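Peer 1: Please build the complete structure, drawing on both the sequences and the hints.
Protein chains: 4
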Amino acid sequence: MTPGRMEAFSDGVLAILITIMVLELKTPHGTTMSALSPIFPALLTYVLSFIYLGIYWNNHHHMLHLTKRVTGGILWANLHLLFWLSLVPFITGWMGENHFAPLPTAAYGVVLLLAGVAYVILQALIIRDQGPGSPLAAAVGRDLKGKLSAALYAIAIPLAFAGHFLSQGIYVLVALLWLIPDRRIEAHLKS
Amino acid sequence: MTPGRMEAFSDGVLAILITIMVLELKTPHGTTMSALSPIFPALLTYVLSFIYLGIYWNNHHHMLHLTKRVTGGILWANLHLLFWLSLVPFITGWMGENHFAPLPTAAYGVVLLLAGVAYVILQALIIRDQGPGSPLAAAVGRDLKGKLSAALYAIAIPLAFAGHFLSQGIYVLVALLWLIPDRRIEAHLKS
Amino acid sequence: MTPGRMEAFSDGVLAILITIMVLELKTPHGTTMSALSPIFPALLTYVLSFIYLGIYWNNHHHMLHLTKRVTGGILWANLHLLFWLSLVPFITGWMGENHFAPLPTAAYGVVLLLAGVAYVILQALIIRDQGPGSPLAAAVGRDLKGKLSAALYAIAIPLAFAGHFLSQGIYVLVALLWLIPDRRIEAHLKS
Amino acid sequence: MTPGRMEAFSDGVLAILITIMVLELKTPHGTTMSALSPIFPALLTYVLSFIYLGIYWNNHHHMLHLTKRVTGGILWANLHLLFWLSLVPFITGWMGENHFAPLPTAAYGVVLLLAGVAYVILQALIIRDQGPGSPLAAAVGRDLKGKLSAALYAIAIPLAFAGHFLSQGIYVLVALLWLIPDRRIEAHLKS
Numbered sequence: 001m002t003p004g005r006m007e008a009f010s011d012g013v014l015a016i017l018i019t020i021m022v023l024e025l026k027t028p029h030g031t032t033m034s035a036l037s038p039i040f041p042a043l044l045t046y047v048l049s050f051i052y053l054g055i056y057w058n059n060h061h062h063m064l065h066l067t068k069r070v071t072g073g074i075l076w077a078n079l080h081l082l083f084w085l086s087l088v089p090f091i092t093g094w095m096g097e098n099h100f101a102p103l104p105t106a107a108y109g110v111v112l113l114l115a116g117v118a119y120v121i122l123q124a125l126i127i128r129d130q131g132p133g134s135p136l137a138a139a140v141g142r143d144l145k146g147k148l149s150a151a152l153y154a155i156a157i158p159l160a161f162a163g164h165f166l167s168q169g170i171y172v173l174v175a176l177l178w179l180i181p182d183r184r185i186e187a188h189l190k191s
Numbered sequence: 192m193t194p195g196r197m198e199a200f201s202d203g204v205l206a207i208l209i210t211i212m213v214l215e216l217k218t219p220h221g222t223t224m225s226a227l228s229p230i231f232p233a234l235l236t237y238v239l240s241f242i243y244l245g246i247y248w249n250n251h252h253h254m255l256h257l258t259k260r261v262t263g264g265i266l267w268a269n270l271h272l273l274f275w276l277s278l279v280p281f282i283t284g285w286m287g288e289n290h291f292a293p294l295p296t297a298a299y300g301v302v303l304l305l306a307g308v309a310y311v312i313l314q315a316l317i318i319r320d321q322g323p324g325s326p327l328a329a330a331v332g333r334d335l336k337g338k339l340s341a342a343l344y345a346i347a348i349p350l351a352f353a354g355h356f357l358s359q360g361i362y363v364l365v366a367l368l369w370l371i372p373d374r375r376i377e378a379h380l381k382s
Numbered sequence: 383m384t385p386g387r388m389e390a391f392s393d394g395v396l397a398i399l400i401t402i403m404v405l406e407l408k409t410p411h412g413t414t415m416s417a418l419s420p421i422f423p424a425l426l427t428y429v430l431s432f433i434y435l436g437i438y439w440n441n442h443h444h445m446l447h448l449t450k451r452v453t454g455g456i457l458w459a460n461l462h463l464l465f466w467l468s469l470v471p472f473i474t475g476w477m478g479e480n481h482f483a484p485l486p487t488a489a490y491g492v493v494l495l496l497a498g499v500a501y502v503i504l505q506a507l508i509i510r511d512q513g514p515g516s517p518l519a520a521a522v523g524r525d526l527k528g529k530l531s532a533a534l535y536a537i538a539i540p541l542a543f544a545g546h547f548l549s550q551g552i553y554v555l556v557a558l559l560w561l562i563p564d565r566r567i568e569a570h571l572k573s
Numbered sequence: 574m575t576p577g578r579m580e581a582f583s584d585g586v587l588a589i590l591i592t593i594m595v596l597e598l599k600t601p602h603g604t605t606m607s608a609l610s611p612i613f614p615a616l617l618t619y620v621l622s623f624i625y626l627g628i629y630w631n632n633h634h635h636m637l638h639l640t641k642r643v644t645g646g647i648l649w650a651n652l653h654l655l656f657w658l659s660l661v662p663f664i665t666g667w668m669g670e671n672h673f674a675p676l677p678t679a680a681y682g683v684v685l686l687l688a689g690v691a692y693v694i695l696q697a698l699i700i701r702d703q704g705p706g707s708p709l710a711a712a713v714g715r716d717l718k719g720k721l722s723a724a725l726y727a728i729a730i731p732l733a734f735a736g737h738f739l740s741q742g743i744y745v746l747v748a749l750l751w752l753i754p755d756r757r758i759e760a761h762l763k764s
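If you read the sequences in order, they're chains B, X, C and V. In terms of the working numbering, the first sequence is residues 1 to 191. In terms of the working numbering, the second sequence is residues 192 to 382. In terms of the working numbering, the third sequence is residues 383 to 573. In terms of the working numbering, the fourth sequence is residues 574 to 764.
The set of hints was computed from the structure by calculation and includes no laboratory data. Values in this document were obtained by computation on a predicted structure and should not be read as measured data. Wrong hints could be hidden among the right ones.
Said to hold, decoys possible - Here are some chain V residues the structure puts well away from chain C; computed CB gaps all over 10 Å:
| hint | residue |
| --- | --- |
| 1 | 606 |
| 2 | 612 |
| 3 | 638 |
| 4 | 687 |
| 5 | 691 |
| 6 | 711 |
| 7 | 720 |
| 8 | 721 |
| 9 | 738 |
| 10 | 739 |
| 11 | 742 |
| 12 | 751 |
What the hints assert, rightly or not - With a straight-line cut-off of 30 Å between C-alpha atoms, the simulated DSBU-like cross-links for lysine-lysine are:
| hint | chain 1 | residue 1 | chain 2 | residue 2 |
| --- | --- | --- | --- | --- |
| 13 | X | 259 | X | 338 |
| 14 | C | 408 | V | 718 |
| 15 | B | 26 | X | 217 |
| 16 | C | 450 | C | 527 |
| 17 | X | 217 | V | 599 |
| 18 | B | 147 | B | 68 |
| 19 | C | 527 | X | 217 |
| 20 | B | 26 | B | 145 |
| 21 | C | 529 | C | 408 |
| 22 | B | 68 | X | 217 |
| 23 | V | 718 | V | 641 |
| 24 | X | 336 | X | 259 |
| 25 | V | 718 | V | 599 |
| 26 | X | 259 | C | 529 |
| 27 | C | 408 | B | 26 |
| 28 | B | 26 | V | 599 |
| 29 | B | 68 | V | 641 |
| 30 | C | 450 | V | 641 |
C-beta: ideal position from N, C-alpha, C; glycine also.
Peer 2: Following this line, the structure appears as structure tokens:
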């Protein structure tokens, strides 16, 4: 299997995930302003998850661009990442419908953390296959952003039970950290 | 990221959006003619949204055909456009189920207006990246059709509360304005 | 727009349609054999619609293989065809849930007839664009199978109110007529 | 039709199937730990089905890589395989919602068995078209793993009524058998 084939499949899954999330936005019952108000938390959560999936799509693309071949391990590490991302619409719906209640807010962080861990595993397998002198290893470096994100998720999960707005704030912060495409890899590609 | 990759992803999202809208058409309860009648407004709204998404798919394709490279800004402006388009099935379902009530009719216009604004932002970023002498800048020109559409949506939104059929009429009118593929770009491609 | 691009988009929509139909199969309430029995008509209808969409995908592919360029008219005729096909999951769900009641059975025939007409319009526009001596014109010939299918649908629609099993039988018959890939075009491709 | 085209369509359907399964995970009613607990069996079933679809995607890709041309029979055998796989989200939802009750557990095995049989039919048609000396025939050999899987499914189906955990264990066992990409074909590709 070529990296192009794996990327096309992943792109397909990500395009579907980013789109079917909208099916979690339930049509309001009624046509008044007050009928619309309960869907605002759902809409805000939808925006956040949309941005997260956009970030994954973008960074995943950059990473596969530097991947030369696909081993069995890489293929399953990629499916493992897609598995955790596939839970995003489900967890988005649960958090949005319940106006950011503590447990769904924590569960949202768990899914983000495990997707992040799956991404790091995939990255490590590709680097191990290519050897330490590979362009991807150089581009990723010590992966400070990845480690910081994981630490922030790990803080946000228990924090949801103390004050869920703190966790929400951390999720927004991590999204902002990644919103900009990975300059490290871009810089490497240019040089 | 190449324009081709971004276009393939956008095509995927648009193909899914145009198709999952049909899931908003709820199966009628019963097998009589009267059981079918409440779905006619939903069906009409579905037809209108199907045409709008078809127009976006077509014009988006023409625009990316004249795009040479994808910057981080262009990538996120494109995801921003897809975000507003992703709300089309949701807003279509709400307007259709409520027989064109004022608030859903106005909300439909808001989504169309913001999708239109997102399209203009994307177009402006591509032109800025290519410089004023680019083929796309020449093809778009003063973008009278784009400005007229935005003005018409802005009129239709408050009008929904006075008489929703007026707003509906404007939405149909704007769709007809764009139904024909953008002759400006086509003319430029031929010359 | 190239025929390849239009085909990729159509393939995407058809792949989604053939797959989301399964969402119309509602999970049975209960775990007994009797809980499963009401979904059998839905399952049978699903099989029939799956075969119809498979036939459209196959014949559409053969037709676009002989298409040299895409005009604005061809593009919208193609979207028109996709529109009617997009109603297949909806109408399949309605007929299947109501155990082949007369009105849903007739409505199923209406959607099949209009999809067939949309296919003939698309075919006619491609042939008109290519001229009478084109390979597609030669391959289609007098299109006896297309005309016969339309006539059979037209008979099956009113017949649903007399005896819905007769209409069902006709739908199965037309599917069998087309199940075999279009030998006329295949024969032409080989020569 | 080229094998590449058929593979792209199949990849699309598999990407959609693996993703829409998550729509069968119903948002929990409530925000307590006890509200979450009924979805654990659904989540476990989802993981199992996700792995099965990943295996099919991977092996299907390897098989089509060794396929030179697509006949009408191969095309319909492929759609036949996709049909059974399309029932996976439905049967996953039914088994997961009912905490592995006997009948849904048996039905899950029936769908897996018929998908396996459809895969073997597709494989046999491709080999017959290529002749006994083809690379695919050499790679598949006596297909011990395929025959063993079918036998295990056939045992698991009646066993669901005796003790459904036994059937579940067999489904997990067969998944583990296939989790590793088909070394036979990979070995052949390398030599």
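Peer 1: Determine for every hint whether it applies to the structure shown.
Peer 2: Taking the hints in turn, this is what the structure says about them:
With a cut of 10 Å on Cβ distances, residue 606(V) stays outside the contact zone with chain C, its closest approach being about 24 Å. Every CB of chain C lies more than 10 Å from the CB of residue 612(V), the least distance being 14 Å, so the non-interface label holds. Its beta-carbon lying about 20 Å from the closest one in chain C, residue 638(V) satisfies the requirement of being farther than 10 Å from that chain. The non-interface label for residue 687(V) is consistent with chain C: the shortest C-beta to C-beta separation is roughly 12 Å, beyond 10 Å.
Even its closest Cβ contact with chain C, about 13 Å, leaves residue 691(V) beyond 10 Å, as expected for a residue assigned away from the interface. A cut-off of 10 Å between C-beta atoms confirms that residue 711(V) is not in contact with chain C; the least separation is 29 Å. At the 10 Å boundary, the C-beta of residue 720(V) stays outside the reach of chain C, the nearest C-beta of that chain being 27 Å off. Distance to chain C confirms residue 721(V) as a non-interface residue, since its nearest Cβ pair spans about 29 Å, more than 10 Å.
With a least beta-carbon separation of about 16 Å from chain C, residue 738(V) lies farther than 10 Å from that chain, consistent with its non-interface assignment. With a cut of 10 Å on Cβ distances, residue 739(V) stays outside the contact zone with chain C, its closest approach being about 17 Å. No beta-carbon of chain C is positioned within 10 Å of the beta-carbon of residue 742(V); the least distance is around 20 Å. For residue 751(V), the condition that its CB be more than 10 Å from all CB atoms of chain C holds, with the nearest at approximately 22 Å.
Only pairs whose Cα atoms come within 30 Å are accepted, and residue 259(X) paired with residue 338(X) is accepted, the gap being roughly 25 Å. Note on residue 408(C) and residue 718(V): the hinted pairing is violated, with a Cα-Cα distance of about 34 Å set against a maximum of 30 Å. Straight-line distance between C-alpha atoms of residue 26(B) and residue 217(X) comes to about 13 Å, which keeps the hinted pair within the 30 Å bound. With a C-alpha separation of about 24 Å, the suggested pair residue 450(C) and residue 527(C) falls inside the 30 Å cut-off, and the hint holds.
Proximity of residue 217(X) to residue 599(V) is assessed by CA-CA distance (about 18 Å); at most 30 Å being required, the pair is judged to hold. Of the pairs offered as hints, the one joining residue 147(B) and residue 68(B) holds, with about 25 Å between alpha carbons and a cut-off of 30 Å not exceeded. This hinted pair does not check out: residue 527(C) and residue 217(X) have alpha carbons roughly 34 Å apart, beyond 30 Å. Restraint check for residue 26(B) and residue 145(B): not satisfied, since their Cα atoms lie roughly 35 Å apart, outside the 30 Å limit.
With a C-alpha separation of about 36 Å, the suggested pair residue 529(C) and residue 408(C) falls outside the 30 Å cut-off, and the hint is violated. Distance check on the hinted pair: residue 68(B) and residue 217(X) sit about 47 Å apart at the alpha-carbon level, beyond 30 Å; violated. For a cut-off of 30 Å, the pair hint linking residue 718(V) to residue 641(V) stands: about 24 Å separates their Cα positions. Only pairs whose Cα atoms come within 30 Å are accepted, and residue 336(X) paired with residue 259(X) is accepted, the gap being roughly 24 Å.
Taken as a hint, the residue 718(V) and residue 599(V) pair is broken in the structure, with Cα atoms around 35 Å apart against an allowance of 30 Å. Restraint check for residue 259(X) and residue 529(C): not satisfied, since their Cα atoms lie roughly 46 Å apart, outside the 30 Å limit. Proposed proximity of residue 408(C) and residue 26(B) is supported: the alpha carbons are some 18 Å apart, at most 30 Å. Taken as a hint, the residue 26(B) and residue 599(V) pair is honoured in the structure, with Cα atoms around 13 Å apart against an allowance of 30 Å.
Among the hinted pairs, residue 68(B) with residue 641(V) is consistent with the structure: their alpha-carbon atoms are about 25 Å apart, no more than 30 Å. Taking the CA atoms of residue 450(C) and residue 641(V), the gap is near 25 Å; set against the 30 Å cutoff, the hint holds.
Comparing the model with each numbered hint stated earlier shows that hints 14, 19, 20, 21, 22, 25, 26 do not hold.
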